[in-house]
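Just need the whole structure built from these sequences, with the hints factored in.
For the record, the sequence lines run as chains H and S. The opening residue of the first sequence carries number 0 in numbering that gives the first Met the number 0; numbering runs sequentially from there. The opening residue of the second sequence carries number 0 in numbering that gives the first Met the number 0; numbering runs sequentially from there.
Rather than coming from a laboratory, the hints here were simulated on the basis of the structure. Glycine residues also receive a C-beta, built at the ideal position from the N, C-alpha and C atoms. Check before you lean on any hint, since a few could be wrong.
[Said to hold, decoys possible] A few chain H positions that, by computed beta-carbon distances, are all more than 12 Å from chain S:
{"#": "1", "residue": "2"}
{"#": "2", "residue": "61"}
{"#": "3", "residue": "62"}
{"#": "4", "residue": "64"}
{"#": "5", "residue": "71"}
[What the hints assert, rightly or not] Below are the SDA-like pairs computed for lysine to any residue, each with C-alpha atoms no more than 20 Å apart in a straight line:
{"#": "6", "chain 1": "S", "residue 1": "80", "chain 2": "H", "residue 2": "11"}
{"#": "7", "chain 1": "S", "residue 1": "80", "chain 2": "H", "residue 2": "100"}
{"#": "8", "chain 1": "S", "residue 1": "80", "chain 2": "S", "residue 2": "45"}
{"#": "9", "chain 1": "S", "residue 1": "80", "chain 2": "H", "residue 2": "48"}
{"#": "10", "chain 1": "S", "residue 1": "80", "chain 2": "H", "residue 2": "126"}
{"#": "11", "chain 1": "S", "residue 1": "80", "chain 2": "S", "residue 2": "46"}
{"#": "12", "chain 1": "S", "residue 1": "80", "chain 2": "H", "residue 2": "103"}
{"#": "13", "chain 1": "S", "residue 1": "80", "chain 2": "H", "residue 2": "33"}
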Amino acid sequence: MPRWWNQLQSVAYSRLRWLPEWYARTRASRSEDVPLPPLADLRVPLADAQVAIVTAGGVHLANQTPFDMQDAEGDASFRIIPGDVGVHDLRITHDYYDHSAADRDVNCVFPIERLRELVVAGEVGAVGPRHVGMMGHLLGAQAATLARDIAPAVADIFQADDVDLVLATPG
Amino acid sequence: MGLVARAIERAGIPTVTLSVVRSMTDALPAPRNVFVRFRLGQVLGEPGHVDQQQAVLRDTLHAVDRIAQTGAVIDLPYRWKRDTYPLSVGVTSGATAQQGGRT
Chain H
0 MPRWWNQLQS VAYSRLRWLP EWYARTRASR SEDVPLPPLA DLRVPLADAQ VAIVTAGGVH
60 LANQTPFDMQ DAEGDASFRI IPGDVGVHDL RITHDYYDHS AADRDVNCVF PIERLRELVV
120 AGEVGAVGPR HVGMMGHLLG AQAATLARDI APAVADIFQA DDVDLVLATP G
Chain S
0 MGLVARAIER AGIPTVTLSV VRSMTDALPA PRNVFVRFRL GQVLGEPGHV DQQQAVLRDT
60 LHAVDRIAQT GAVIDLPYRW KRDTYPLSVG VTSGATAQQG GRT
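Written out as structure tokens, the structure reads:
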């Protein structure tokens with residue numbers, strides 16, 4: 000499909016709440032390649048916890064390679080976003096949802112400034128040093144790559160940073 | 000996001016996953032799911048609506064203590080553009096303050 004067609008559809012999918020619900024019921028992957036694990040414990044109270052964000056909203060730094068919009072199966076790769084990033088240095092590349100609102104305020108899908116505010120207020124311990132931008136809407140080989148290679152690699156990043164809690168957001 | 004959250008949780012780090020498409024969450028649940036009836040692309044709320052975004056973020060993070068069974072879903076009570084929110088906290092950024100929350 001040409002990009003303009005995907006972008007046009009994305010507006011309808013974002014405005015009409017029943018449309019993505021219908022799509023997910025009829026078409027969504029039910030892959031069990033990564034089984035549902037038991038819950039991990041939060042080791043410290045939220046007020047002491049270091050929190051990181053992983054988003055499927057196609058968020059990346061302006062100077063990073065954008066996600067590949069030419070592959071109909073999507074782009075399973077990820078981009079590292081530093082915790083002290085300025086929101087004006089972020090961009091969104093994702094043709095499968097309407098990100099016009101998030102282009103104006105990235106916190107709509109990647110709430111980095113809201114997280115900083117909760118840290119200042121003492122409700123959250125700290126903002127993690129590294130966050131991760133990805134895109135959803137993966138199919139076929141790209142979905143398999145996500146399950147096999149990418150998802151564990153993202154987990155490794157948060158583990159290396161000693162993150163206590165991860166927030167995952169869609170686009 | 001379900002697969003990625005599962006891998007992170009499997010590595011021993013707790014996760015909370017926000018969703019605006021219930022049937023997608025039902026098809027491939029993350030370990031802890033928080034559902035809010037907002038739009039794709041505005042999953043924390045409207046642009047510049049600091050109070051709303053903070054409320055959704057706060058409630059989503061606190062789900063780590065509220066969900067006791069893997070794959071379970073918590074529903075947030077907020078309705079798109081119809082609710083008021085507690086006063087925001089700690090707004091220090093000039094740009095954010097100018098966008099303003101509806102308080």
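Now for the hints, and whether the structure bears them out:
Annotated as non-interface, residue 2(H) keeps its C-beta farther than 12 Å from every C-beta of chain S; the closest such distance is 17 Å. With 12 Å as the threshold on Cβ separation, the claim that residue 61(H) sits away from chain S holds: the shortest Cβ distance comes to roughly 16 Å. Residue placement check: residue 62(H) keeps its beta carbon more than 12 Å from all beta carbons of chain S (closest about 20 Å). The claim that residue 64(H) is not at the interface with chain S holds, since no C-beta of that chain comes within 12 Å of its own (minimum 20 Å).
With a closest Cβ-Cβ approach of about 19 Å to chain S, residue 71(H) is found to remain outside the 12 Å limit, as its non-interface label requires. With a C-alpha separation of about 19 Å, the suggested pair residue 80(S) and residue 11(H) falls inside the 20 Å cut-off, and the hint holds. Annotation: proposed proximity of residue 80(S) to residue 100(H) holds, straight-line Cα distance about 14 Å (limit 20 Å). With a C-alpha separation of about 8 Å, the suggested pairing of residue 80(S) with residue 45(S) holds against the 20 Å cut-off.
Between residue 80(S) and residue 48(H), the direct Cα distance comes to roughly 31 Å. Violation of the 20 Å bound is thereby established for this hinted pair. Proximity of residue 80(S) to residue 126(H) is assessed by CA-CA distance (about 29 Å); at most 20 Å being required, the pair is judged violated. With a CA separation close to 12 Å, the supplied pair residue 80(S) and residue 46(S) stays within the 20 Å bound. Pair hint residue 80(S) plus residue 103(H) holds up; C-alpha atoms about 18 Å apart against a cutoff of 20 Å.
The straight-line distance between the Cα atoms of residue 80(S) and residue 33(H) is roughly 36 Å, outside the 20 Å bound, and the hint therefore fails.
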